[in-house]
Each structure stands twice: as structure tokens, then as C-alpha cells.
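K.L.:
Sequential numbering of the sequence shown, starting at 1, is according to our numbering.
What the hints contain is simulated information worked out from the structure, not anything from laboratory work. Some hints could be false.
Claimed, not checked - Dumping the calculated BS3-like pairs for lysine-lysine here, alpha-carbon to alpha-carbon at most 25 Å: (1) K36 - K21; (2) K33 - K3; (3) K19 - K42; (4) K43 - K3; (5) K19 - K33; (6) K21 - K3; (7) K3 - K28; (8) K28 - K42; (9) K19 - K36; (10) K32 - K43; (11) K36 - K3; (12) K35 - K3; (13) K33 - K43; (14) K3 - K32; (15) K21 - K35; (16) K28 - K43; (17) K3 - K19; (18) K32 - K42; (19) K19 - K32; (20) K32 - K21; (21) K3 - K42; (22) K19 - K35; (23) K21 - K33.
In this text the structure is predicted, and so the values were computed from the model without any measurement.
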Amino acid sequence: MFKDVTLYSAWDEQGLPTKDKDGNDITKSMTKKLKKQWEQQKKLHEEYFGEDK
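Make the full structure from the sequences, and use the hints.
P.N.:
What follows is the structure, given as C-alpha cells:
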């Protein structure tokens, strides 16, 4: 979901960005926003495909 190398350069084990394209740490507020987007997408994915997939 956040694998765009023009925006980010490093990711954690869940795929959430930890560094921006210039190698600077992502701010806590941006991390919170990205995590919220990730959770919303995860929920939609589970509703569409079911939780077992």
C-alpha cells in the first residue's frame, strides 16, 4: 500500500513507512495517519475477502 519509492525509502515489518524519500524519519503524526489508513484498508480487505485469506 505504501511501497512508492518516490515517497518513502524504508518500511517496517507491516509495510508502514519509517523514512521519507530523503532518508528522514517519518514524523509521529504522519505515522499515526498512515497507520489509520492502513487499518481502514485492512478492514476493507477483510470485509471483501474474509478474515481467513
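K.L.:
Hint by hint, where does the structure go against what was stated? Just the numbers, ascending.
P.N.:
Nothing - there is no hint that the structure violates, so all of them hold.
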